[in-house]
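Chains F and A are the protein sequences, given in the same order.
For the first sequence, our numbering gives the first residue as 1, with consecutive numbering after it.
For the second sequence, our numbering gives the first residue as 1, with consecutive numbering after it.
Take these hints with a grain of salt, some might be off.
Anything over 12 Å on all C-beta distances counts as not near chain A; from chain F, calculated [claimed, not checked]:
| no. | residue |
| --- | --- |
| 1 | 319 |
| 2 | 508 |
| 3 | 542 |
| 4 | 637 |
With a cut-off of at most 27 Å between alpha-carbon atoms, the simulated DSSO-like pairs for lysine-lysine come out as follows [stated by the list, open to error]:
| no. | chain 1 | residue 1 | chain 2 | residue 2 |
| --- | --- | --- | --- | --- |
| 5 | F | 561 | A | 123 |
| 6 | F | 208 | F | 53 |
| 7 | A | 161 | A | 249 |
| 8 | F | 368 | A | 123 |
| 9 | F | 86 | A | 123 |
| 10 | F | 368 | F | 308 |
| 11 | A | 304 | F | 86 |
| 12 | F | 208 | F | 575 |
| 13 | A | 123 | F | 366 |
| 14 | F | 562 | A | 123 |
To spell it out: a stretch of chain A is covered by chain F in this simulated footprint if at least three of its residues, at any positions, have a beta carbon under 8 Å from a beta carbon of chain F; those stretches are [to be verified]:
| no. | region |
| --- | --- |
| 15 | 161 to 170 |
| 16 | 212 to 226 |
| 17 | 238 to 250 |
The hints are simulated quantities; they were obtained by calculation from the structure and are not laboratory data.
These numbers were taken from a predicted model, which means no experiment stands behind them.
Note that the Cβ used here is the ideal one computed from N, Cα and C, for glycine as well.
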Amino acid sequence: MKWSEFFVTGEPLIYAADVAIVLTIIGIVFVLTYFKKWKWLWNEWLTTVDHKKIGVMYIICAVLMLFRGGVDALLMRAQLTAPNMKFLDAQHYNEIFTTHGTIMILFMAMPFIIGLMNIVVPLQIGARDVAFPYLNALSFWLFFFGAMLFNISFVIGGSPDAGWTAYFPLAGNEFSHGVGNNYYAVALQISGIGTLMTGINFLVTILKMRAPGMTLMRMPMFTWTILITCVLIIFAFPVLTVALALMTFDRLFDTQFFTMANGGMSMLWANLFWIWGHPEVYIVILPAFGIFSEVVSTFAQKRLFGYKAMVGSIVGIAFLSFIVWVHHFFTMGAGPAVNSAFSITTMAIAIPTGVKIFNWLFTLRKGKIRFTTAMLWSLAFIPNFVIGGVTGVMLAMAAADYQYHNSYFLIAHFHYVLIAGTVFACFAGLHYWYPKMFGHILNERLGKWTFWLFMIGFNICFFPMYFLGLMGMTRRMYTYSAGLGWTPLNVVATVGAVLMGIGFIVLCYNIYYSARYGERDMTGDPWNGRTLEWATASPPVHYNFPVTPVVEDVDAYWVMKKKYGGFHVKEEDLKPIHMPSNSGRPFWMSVAFFVAGFGLVFKWFALAIVGALFIVIGLILRSFEDDDGYHIPVDEIKRMERAARKGA
Amino acid sequence: MIEQFVTNVLLIYELLRVLVSNIFNFDMVENKQRNIGWKTPWISGTDKGGYRAMKQAIWRVMLALPFLLLLGGCVERTAVLNPQGPVARMQYDLIMWSVGFMLFIIVVVFTLFAVFLIRYREKPENAGYEPPDEEGNTLLEVVWTAIPILIVAALAVPTVKATFALEKPPTENVKPITIHVTAANWKWIFSYPEENIETVNYVHIPAGVPVKFKLTSVGPMNSFWVPELGGQKYAMDGMETELILQADKPGSYMGRSANFSGEKFAHMEFEVVAQTGTDFRKWINEVKQTAPKLDEEKYTQILKPGLVGRMTFSNTHLQWIDHAKQNSHHGDGKPMKNDDQHDETMTNGHHHGE
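Please put together the full structure from these sequences, using the hints given.
See below:
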């Protein structure tokens, strides 16, 4: 590594980004200093172990990453609008589609989902925090610094360029000489550790900390999907951890796990990657199903249809998700018997998914449907996801897949399931739980503008891609020649992408607008909700529930409202509340991870060792720490409850 | 060409027109939401027409899109839907079989969706309506579990049949020919072991004869895809995969790599020229007589990362190296002289015609 190669040079776009980054940092530092907010930032956010604040930080990061990944997408669409465009060169395009994929899946979809689950799950099960609040903070900061490490690659050292799948031997030292793929291996590793810990944390939280009376079969559907997602995380992420570790060894220490020479086996990487990668797509889609279940049931004003079948189908989908990974490479020549077996398991996923679709439809039947923004996203999910789903079944048919594989047909399919599934769910969840997070409602009018712009743009962007695929256009092409007849559909797709971008801008404006002028939610229950999170104030006091609620049925809060007219707390029932202490250690330990990771990326092992030392010191300090948290006295609770109910 | 252009322009215009008119017709009106106690001041009136008009417009776009695509004259360019050989046709038939079922599912779901949304929306008339507290319906749930199972079965059987059938030559009474395909950064090398000739970035095949393409790669994985003749398969370093294709009649078919393999991957195109038996023989003889010999030095040069044009040689690189044998070379893509390998290749039944 020469010093002259340290900063990425030669691209006007990169220089613009450099300037923007420096200005943003100066701006943030200035604002924090000018308003004397450094202490506030440290005490309220950087050291917090409150699941709600951690959730909010996850979502802020996710929205920023959605911006980054979205800009990547628009750059790609600009380059592909017309044949033989010179907007991006091949190398730049390759880096952009690699970071687009990696960021959208791992640094946008994952944190958005994890952010929502952080905010909602403890509230839904009537808990005061997660099982391991300190670990939760560490999870977040590991994710955050992993994401930052990945993101600086485009100005320092160069971005990875071997696709988000990083197939070997292309991603190995033999063909990728720069530090780009080191960033991929190390940054994903750091944030992956955070995700794995989140999985463990929420599994324990859901299994051990439910309110009295909430049996497993009385849990809200979102909590159910998170429980199963945690199981998926716990089984799938160690595979990624191992695969990335082997990749790191190959890249940094010239081991030969996936190389071409000396007995390395590149197909091993593809298998390991997808043994993690396929469950991973269910890790981001199952919580989406949970969000839709909550929103559809709330705004159809009706109990979720077929609760048991819904639970059964999530478990079924989770099980099947581990035995379908070969469908990502039917074309590798594993033989007709193997391909047939994986074809059938893949198609079988359509069965539980179909059950869920019909259960949502029949939740709507006989309901009284209110078309709020959150509901619009959830309703739009059904037809759009079905288009993605049926084309998924078509892709699952091995013999036919030979014609779809790696073409734009595939691109269209997975954007139809990931956007109509996960992204629509994130937006639905954001609008739905926004009052719970911030105490005010996102403006409905602007929300509907976002919805229509984004949803229509999405269809205009991705529907033509099915046809581009059938016309022979393959993914990851940075350009194409004029005579192929692909131009009109590519123009259409770009128009759609621009509409989606405008939709995103309206969303951001809405966040600003609603913060200033948005309607405050004084009731804590703006949507006439059904689950326990609506029994708290908006936003909830940091201990969530002054006394633990008792659950009598599914839709616990709905039953409370019917039977008792709400969730009432008698002051004589109050007892001191035990809460965990804040800690700055998760933050600085994650900084140490970042430093160590940065050292590894550039093979500056001295720096890596320094970082690792601080990580070990952090672990030792934590091991000998004697902090059992603190108790909030009853008088303090009374005061806070009155303030919250008055509307803070 | 001009006709094509005009239809394309019309297509884009139509889409934009529908889109823009939708956005501006939509007046963002929603129902009064009496029972939730909050209301934003700029939401006025109780007009429900806005939604309906919007929804109809969206359906129009969704329904019109495929037809517009067809009008755009895309069908003859839609390679996968334009099969030119028995392999592609088998896959085409399978695709069309599945499309039928998928359209059925879409129609059922979309119809239920539309009916429920229209019937059960909150209206001023049903303000006092309390939705029933129903848990589910076992019979209905059995029905919508059973139907997908039947559909999956109806798709699985032909899929498995076709997946096995694609491993065998589609025509049994014609002797297949074998062509070795080597993908390298970023070109395709075709070796005819029986004829002892080699081409780069184009390949001639006889029409009506099954062709066994034996695929391998020097370096990153590529995927060998000629959509009009049939589906793809990966070409991998140190591996050999086999893909059987066949063209019905003489013609030219576009092929490309479908798996990203680095910087200039987008340019990894090749042409498949299908000829009558006699023309094919004539071409072979011509190559044998006129094309230069390939030597190792020249071959090493071809393998260097970069783009090359079409080339033709009157011998093959298989004489000194077959990349399909595991670890046949160093990591830098430089071929290694290995006589053992040469012998092994010979005993494997590849004839070099020397």
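So, going through the hints one by one against the coordinates:
{"no.": "1", "hint": "319", "in the structure": "16 Å, holds"}
{"no.": "2", "hint": "508", "in the structure": "19 Å, holds"}
{"no.": "3", "hint": "542", "in the structure": "25 Å, holds"}
{"no.": "4", "hint": "637", "in the structure": "27 Å, holds"}
{"no.": "5", "hint": "F/561 with A/123", "in the structure": "23 Å, holds"}
{"no.": "6", "hint": "F/208 with F/53", "in the structure": "22 Å, holds"}
{"no.": "7", "hint": "A/161 with A/249", "in the structure": "26 Å, holds"}
{"no.": "8", "hint": "F/368 with A/123", "in the structure": "8 Å, holds"}
{"no.": "9", "hint": "F/86 with A/123", "in the structure": "54 Å, violated"}
{"no.": "10", "hint": "F/368 with F/308", "in the structure": "23 Å, holds"}
{"no.": "11", "hint": "A/304 with F/86", "in the structure": "25 Å, holds"}
{"no.": "12", "hint": "F/208 with F/575", "in the structure": "21 Å, holds"}
{"no.": "13", "hint": "A/123 with F/366", "in the structure": "13 Å, holds"}
{"no.": "14", "hint": "F/562 with A/123", "in the structure": "23 Å, holds"}
{"no.": "15", "hint": "161 to 170", "in the structure": "holds (count 6)"}
{"no.": "16", "hint": "212 to 226", "in the structure": "holds (count 5)"}
{"no.": "17", "hint": "238 to 250", "in the structure": "holds (count 4)"}
In summary, the one numbered hint that this structure violates is 9.
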